[in-house]
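Asks: Chain residues, written in single-letter form:
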Amino acid sequence: MKTTDSNNVQNERVTPPFRSPVTPDEGELSENELWLNMGPQHPSTHGVLRVVLKMEGEIIREARPDVGYLHRGVEKLAENRTYSQFNILTDRNDYLASMLNNWAYCLSVEKLLGVRAPERAEYLRVIVGELNRIASHLVFIGTFGIDIGAFTPFLYAFGREREMVLDLFERLCGARLTYNYIRIGGVMADLPDGWGDQARSFIPHMRRCLKEYDDLLTYNPIFLDRTKGIGAIPKDKAVSYGLSGPNLRASGVSTDLRKDEPYGIYDRFQFKPAVGTTGDTWDRYFVRRLEIEESLNIVEQALNSLPEGDILAKGQRPTVRPPVGESYAQIEGARGWLGIYLVSDGTERPYRLHVRGPSFINLTILQEMLKGWKIADVVAILGSLDVVLGEVDR
Amino acid sequence: MSDPSSLIQNVRDRFPSAEVCGALSEFGRAEEMILVPLNDLEALAVFLKEDMKLDFLNFVTAVDWIKNSRFELVYLFQSIEKPERKLFVKVRLARDGGDVVPSLTALWPSADWQEREIFDLFGIRFGNHPNLKRILLWDEFEGHPLRKDYAHVPDGCDSGQEIGVPVSRAGNPHA
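Here the protein sequences line up with chains L and H, keeping their order.
Heads up: the first sequence begins at 7 in the working numbering, then just goes up one per residue.
Heads up: the second sequence begins at 56 in the working numbering, then just goes up one per residue.
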């Protein structure tokens, strides 16, 4: 039996504490239109992205993405941490490609310090960076298949091949997701015994599996129907919207920072950036599938030419105090150009740190490109942009 | 044209008010940045996009120089075909909030969300922006966290101590 008191509590109107900047208004609708809320808890948004859609029947007339659900204030946190402490937080930005986050950050600090990582460390960075890119694209292939309705590739790409990469990383640094392996001035640890052979045996296995994915997904007629010609981004639009990485290359721009503005030792490897033609949803998928092959080639070359030597710059200490100045380092991340802009005031903490998160900038185009497509295509288009909300919201 | 100094020279010929202001550390060489007055920013952006073919707005961000009581905006313009052709541009504005920065959204839609982010976290206003609202934080949020004098109001979710920023007791219902 309920008491009067508890009834009172239940009847009390509770105003929602937070109002989102995209909150829709009934008055903005014409006849035959309605607002449809998608997310933030929705399996296809790969995290917590909310999109408010103005629908006319099945057709999308307007889309308002709402981001920020994962905002942790990373840039503010950086100002209150030492340079080495912040390395750990970079893992959490794009948590599917943590190695590449570590790399961009360390490169930026190294530019401030004027320290170069030793030769062996540079090779190790390339090996783990490319393996992480493969792991990240495997998540994409698996989850993108699920978005479209193909369940099996997920079990292979996410549950089998990606696990092999994660096992490699676990042996190398103890962590499976947030590695903190690449350090300022080098890397954390040298390869354990037999690691190179284990990585080498992964390469032919992965190449065989790509053929399997082609049979299961890439040329599957249902998959082609759902993705071919959907959500095409013309070249000029892709550039003006700041797309980078696989999303940009799918639209026919071949720019790849590893090739066109090489950092580290990328100028020593033979590989061909994957390029699409029309920039549709299938192209964005296929560019990533091709990139896995290229990354395997790079890993193979790097393993074969891995030199002996130090893994950390001589005299490098955990506490660094860069001189007053600024630096910007950008690398070809798994999702696009990943940049770190740093301002140092000569203390052991950054004065300002800005993360150029490719997911955040790639997602800007969503509000424009969803217009005119059907509700069923939203999932395909959003999935093909391959954003990680941890990096969007930072 | 591929020589970055000639890019800076071209800009300075066209905009005499532009000056070289420091350089970014780049192993062994320096990447020079230029500073332009706020009034020239929009014309410079058009010049870089149309004439200099820097067709890619890489990023926009801001820095709070509280001791000099000014904000500095940092833009990186880049060529997508030749990424080594790039130019870092800075503009300065007063910290008291009187200055409005011209929005580059009409030239590069990629500026849309980045300018909203700067507005959200620094409180810098952009003129002619189609949708200048907070993006990462919610509408009712008070203050702009990336300002150096930001004081966190504990909101029942956290005390503010964890992130190491000064805590404001004023207006705190949980104090």
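Everything labelled a hint here was simulated from the structure, so no lab data went into it.
Please read these numbers as outputs of a predicted model, since none were measured by experiment.
Possibly wrong hints are sitting among the right ones.
To be verified - BS3-like, lysine-lysine: derived pairs with alpha carbons at most 27 Å apart:
hint : chain 1 : residue 1 : chain 2 : residue 2
1    : H       : Lys137    : L       : Lys241
2    : L       : Lys278    : H       : Lys108
3    : L       : Lys241    : L       : Lys377
4    : H       : Lys122    : H       : Lys203
5    : L       : Lys243    : H       : Lys203
6    : H       : Lys188    : L       : Lys377
7    : L       : Lys82     : H       : Lys145
8    : H       : Lys141    : L       : Lys217
9    : H       : Lys104    : H       : Lys141
10   : L       : Lys82     : L       : Lys60
11   : L       : Lys241    : H       : Lys141
12   : L       : Lys265    : H       : Lys203
13   : H       : Lys141    : H       : Lys108
14   : L       : Lys320    : L       : Lys377
15   : L       : Lys241    : H       : Lys203
16   : H       : Lys188    : L       : Lys265
17   : L       : Lys60     : H       : Lys203
18   : L       : Lys278    : H       : Lys141
19   : H       : Lys108    : L       : Lys82
20   : H       : Lys122    : L       : Lys243
21   : H       : Lys137    : H       : Lys108
22   : H       : Lys104    : L       : Lys243
23   : H       : Lys188    : H       : Lys108
24   : H       : Lys188    : H       : Lys137
25   : L       : Lys60     : L       : Lys265
26   : L       : Lys243    : H       : Lys137
27   : H       : Lys141    : L       : Lys60
28   : L       : Lys234    : L       : Lys377
29   : H       : Lys104    : L       : Lys82
30   : L       : Lys243    : L       : Lys82
31   : H       : Lys137    : L       : Lys82
32   : L       : Lys243    : H       : Lys145
33   : L       : Lys82     : L       : Lys241
34   : L       : Lys241    : H       : Lys108
35   : L       : Lys377    : L       : Lys278
36   : H       : Lys137    : L       : Lys278
37   : L       : Lys217    : L       : Lys243
38   : L       : Lys265    : H       : Lys122
39   : L       : Lys243    : L       : Lys60
Asks: Could you check the structure against the hints above and give me the numbers of any it violates, in ascending order?
Replies: The structure breaks hints 5, 8, 10, 12, 14, 15, 16, 17, 19, 20, 23, 24, 25, 27, 29, 30, 31, 33, 35, 37 and 38; every other hint is satisfied.
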